[in-house]
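Peer 1: Sequences listed follow chains Z and H, in order. According to UniProt numbering, the first sequence is numbered sequentially starting from 1. According to UniProt numbering, the second sequence is numbered sequentially starting from 1.
To be clear, the hints were calculated from the coordinates, so they are not data collected in a lab. Some hints here could point you the wrong way.
To be verified - Partial selection, computed: residues in chain H whose CB lies under 7 Å from chain Z:
#	residue
1	N50
2	I89
3	I110
What the hints assert, rightly or not - Straight-line Cα separation of at most 25 Å, BS3-like style, residue types lysine-lysine; simulated pairs:
#	chain 1	residue 1	chain 2	residue 2
4	Z	K53	H	K15
5	H	K44	H	K101
6	H	K15	H	K44
7	Z	K44	Z	K20
8	H	K44	Z	K37
9	H	K79	H	K15
10	H	K53	Z	K15
11	Z	K37	Z	K15
12	H	K15	H	K53
13	Z	K20	Z	K37
14	Z	K53	H	K79
15	H	K79	H	K101
16	H	K15	Z	K44
17	Z	K44	H	K44
18	Z	K53	H	K53
19	H	K53	Z	K37
20	H	K101	Z	K53
21	Z	K44	Z	K15
22	Z	K44	H	K79
23	Z	K44	H	K101
24	H	K53	H	K20
25	Z	K53	Z	K37
26	Z	K15	Z	K53
27	Z	K20	Z	K53
Claimed, not checked - Between beta-carbon pairs, the in silico distance windows are:
#	chain 1	residue 1	chain 2	residue 2	range
28	H	M97	Z	Q17	38 to 44 Å
29	Z	P32	H	M97	29 to 35 Å
30	Z	D59	H	P60	38 to 44 Å
31	H	M22	Z	R56	31 to 37 Å
32	Z	E24	H	P9	42 to 48 Å
Computed from a predicted model, the values in this text were never measured in an experiment. A virtual CB, placed ideally from N, CA and C, is assigned to each residue, including glycine.
So you can see what is in the structure, the chains are spelled out below.
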Amino acid sequence: MTLKGGATSACAACKYQRRKCIPECLLAPHFPADQTKVFQNAHKLFGVSNIVKILRSLDPSQHAEAMRSIKYQANVRDRFPVYGCLGVIRQLYYQIQLVEEEFHAVLTQLEMCRQQQQRHQISSMADYVISQLELDMVPPTNALPVFNQPYSMYKDSPKENNSLWIQHLFLDTNNHSNDSPVAIQSQLVDAQHEVVRDYDEIRPFIDDEQSYVDSKDNYDSAS
Amino acid sequence: MASSSYSNPPCAACKCLRRKCMPDCIFAPYFPPDEPQKFINVHKIFGASNVSKLLNDVPPHQREDAVNSLAYEAEARMKDPVYGCVGAISVLQRQVMRLQKELDATNADIIRYAYNEIPPPQPKAASQYGRRPASGHGVSGGGSFNQNSEFYYPSQWNNNDPSGDDESGNM
Chain Z
1 MTLKGGATSA CAACKYQRRK CIPECLLAPH FPADQTKVFQ NAHKLFGVSN IVKILRSLDP
61 SQHAEAMRSI KYQANVRDRF PVYGCLGVIR QLYYQIQLVE EEFHAVLTQL EMCRQQQQRH
121 QISSMADYVI SQLELDMVPP TNALPVFNQP YSMYKDSPKE NNSLWIQHLF LDTNNHSNDS
181 PVAIQSQLVD AQHEVVRDYD EIRPFIDDEQ SYVDSKDNYD SAS
Chain H
1 MASSSYSNPP CAACKCLRRK CMPDCIFAPY FPPDEPQKFI NVHKIFGASN VSKLLNDVPP
61 HQREDAVNSL AYEAEARMKD PVYGCVGAIS VLQRQVMRLQ KELDATNADI IRYAYNEIPP
121 PQPKAASQYG RRPASGHGVS GGGSFNQNSE FYYPSQWNNN DPSGDDESGN M
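Turn these sequences into a full structure, and let the hints steer you where they fit.
Peer 2: This is the structure in structure tokens:
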């Protein structure tokens with residue numbers, strides 16, 4: 001419906017209701033005339049009067065965000081008439097579970113890689129040290145040194161210091177505090193705590209292990 | 001409201017609406033009289049006539065699930081009138097992204113070890129899990145972060161929007 005003078009056309013809400021779209025129309029900023037489908041979805045789920053009721057209970061600064069969430073919820077319900085947003089939430093929970101399982105598996109593999117690398121390094125250095133010790137006990141040969149390590153660094157060092165150097169190597173490779181599995185896992189725990197804090201406010205009716213029918217028990221305890 | 005001695009008690013919906021609960025009442029199986037708050041929330045947010053129309057559009061064997069999801073959304077909207085249950089979606093979506101990032105970083109570490117001299121051991125490979133497809137029930141991998149909002153809205157509605165509306169769902 002076009003106003004006299006042809007200034008602006010009615011919003012989708014007023015067009016649907018076949019009424020004059022006044023300048024103070026609460027829904028006009030959120031339902032432009034070209035978004036009839038979005039309005040129809042919102043109208044089908046909430047109804048115009050309920051949407052207006054929600055907006056009137058909020059501060060005007062919150063209207064935009066509230067309308068976004070209402071439109072999103074209505075669109076999801078149109079697409080998935082049975083489960084709506086609850087189905088989206090359930091799918092996200094499932095995704096999180098899968099990613100966490102994969103993450104733990106990868107962490108385990110990473111730890112095994114690190115341990116194997118440490119063992120390899122220790123055995124390499126041990127072999128090197130032993131070869132040096134053997135060189136002291138056997139006549140010198142023309143064999144080239146096995147490792148391109150700083151040979152001269154250890155050639156003349158006392159034998160007691162060799163074991164200390166190996167121990168230092170082992171300890172040093174453990175001190176990767178930034179990316180250790182413990183550090184990463186503590187971040188994951190913090191993330192879970194953050195989710196728990198959020199979900200203390202909204203108790204979901206369903207989790208991955210329960211059917212929707214069983215979730216009635218949860219609702220009973222909630223109500 | 002007349003009732004015979006053998007009639008069932010009115011369901012929570014008909015009690016709230018102060019009308020006679022007929023034998024074919026569409027609400028009766030899903031709003032028992034001992035759960036009045038469930039219908040009160042749903043009626044307050046969505047309205048009884050809207051719920052009735054929604055239930056009529058859904059096959060009978062799925063109506064209980066539909067009612068439970070509506071009841072959940074109604075309670076969420078009553079507790080948080082601005083975001084409702086969409087707030088929970090936003091939080092979960094961010095968590096998925098964060099976990100995926102950490103997984104990618106850890107996989108990169110594994111690759112670094114793989115290119116060192118030591119071949120990595122051969123346990124159950126992480127590749128059996130593969131990349132989690134960010135699809136499914138309305139949740140796609142992309143998302144639009146609205147600079148005006150601290151909430152993150154998944155842009156699933158943009159992917160296969162049959163209506164062609166530009167703004168729908170992209171918040």
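Peer 1: Please go over all the hints and tell whether each is borne out by the structure.
Peer 2: Hint-by-hint comparison with the structure:
Using the Cβ-Cβ criterion of 7 Å, the hint placing N50 (chain H) at the interface with chain Z is satisfied: the shortest such distance is roughly 5 Å. For I89 (chain H), the shortest C-beta to C-beta distance to chain Z is roughly 6 Å, which falls under 7 Å, so the interface hint holds. Because the beta carbon of I110 (chain H) sits about 6 Å from the nearest beta carbon in chain Z, less than 7 Å, this interface hint is met. Proximity of K53 (chain Z) to K15 (chain H) is assessed by CA-CA distance (about 23 Å); at most 25 Å being required, the pair is judged to hold.
Taking the CA atoms of K44 (chain H) and K101 (chain H), the gap is near 41 Å; set against the 25 Å cutoff, the hint is violated. Restraint check for K15 (chain H) and K44 (chain H): satisfied, since their Cα atoms lie roughly 15 Å apart, inside the 25 Å limit. For the proposed pair K44 (chain Z) and K20 (chain Z), the alpha carbon gap of about 21 Å is at most 25 Å, so the pair holds. Proposed proximity of K44 (chain H) and K37 (chain Z) is supported: the alpha carbons are some 24 Å apart, at most 25 Å.
The hinted pair formed by K79 (chain H) and K15 (chain H) meets the criterion: a straight-line CA distance of about 24 Å does not exceed 25 Å. At roughly 22 Å between alpha-carbon atoms, K53 (chain H) and K15 (chain Z) fall within 25 Å of each other, so this suggested pair holds. A hinted pair counts as satisfied when its Cα atoms are at most 25 Å apart, and K37 (chain Z) with K15 (chain Z) qualifies at roughly 12 Å. Among the hinted pairs, K15 (chain H) with K53 (chain H) is consistent with the structure: their alpha-carbon atoms are about 19 Å apart, no more than 25 Å.
Only pairs whose Cα atoms come within 25 Å are accepted, and K20 (chain Z) paired with K37 (chain Z) is accepted, the gap being roughly 20 Å. Note on K53 (chain Z) and K79 (chain H): the hinted pairing holds, with a Cα-Cα distance of about 15 Å set against a maximum of 25 Å. Simply put, K79 (chain H) and K101 (chain H) have alpha-carbon atoms about 32 Å apart, too far for the 25 Å limit, and the pair is violated. Straight-line distance between C-alpha atoms of K15 (chain H) and K44 (chain Z) comes to about 24 Å, which keeps the hinted pair within the 25 Å bound.
Proposed proximity of K44 (chain Z) and K44 (chain H) is supported: the alpha carbons are some 15 Å apart, at most 25 Å. Proposed proximity of K53 (chain Z) and K53 (chain H) is supported: the alpha carbons are some 21 Å apart, at most 25 Å. About 18 Å separates the Cα atoms of K53 (chain H) and K37 (chain Z), which keeps this hinted pair within 25 Å; it holds. As the CA atoms of K101 (chain H) and K53 (chain Z) are separated by approximately 41 Å, the hinted pair breaks the 25 Å bound.
A C-alpha spacing of about 15 Å is found between K44 (chain Z) and K15 (chain Z), which places the hinted pair at or below 25 Å, so the restraint holds. Taking the CA atoms of K44 (chain Z) and K79 (chain H), the gap is about 22 Å. The hint holds against a cut of 25 Å. For the proposed pair K44 (chain Z) and K101 (chain H), the alpha carbon gap of about 38 Å is over 25 Å, so the pair is violated. Restraint check for K53 (chain H) and K20 (chain H): satisfied, since their Cα atoms lie roughly 19 Å apart, inside the 25 Å limit.
Of the pairs offered as hints, the one joining K53 (chain Z) and K37 (chain Z) holds, with about 21 Å between alpha carbons and a cut-off of 25 Å not exceeded. Simply put, K15 (chain Z) and K53 (chain Z) have alpha-carbon atoms about 20 Å apart, close enough for the 25 Å limit, and the pair holds. With a C-alpha separation of about 20 Å, the suggested pairing of K20 (chain Z) with K53 (chain Z) holds against the 25 Å cut-off. The supplied range of 38 to 44 Å is met by M97 (chain H) and Q17 (chain Z), whose beta-carbon atoms lie about 40 Å from each other.
For the pair P32 (chain Z) and M97 (chain H), the beta carbons lie near 31 Å from each other, so the given range of 29 to 35 Å is met. Distance hint check for D59 (chain Z) and P60 (chain H): the Cβ-Cβ separation is about 42 Å, which falls inside the suggested range of 38 to 44 Å. One distance hint, 31 to 37 Å for the beta-carbon pair M22 (chain H) and R56 (chain Z), holds here, with the actual separation near 34 Å. Roughly 46 Å separates the CB atoms of E24 (chain Z) and P9 (chain H), a value that falls within the hinted 42 to 48 Å.
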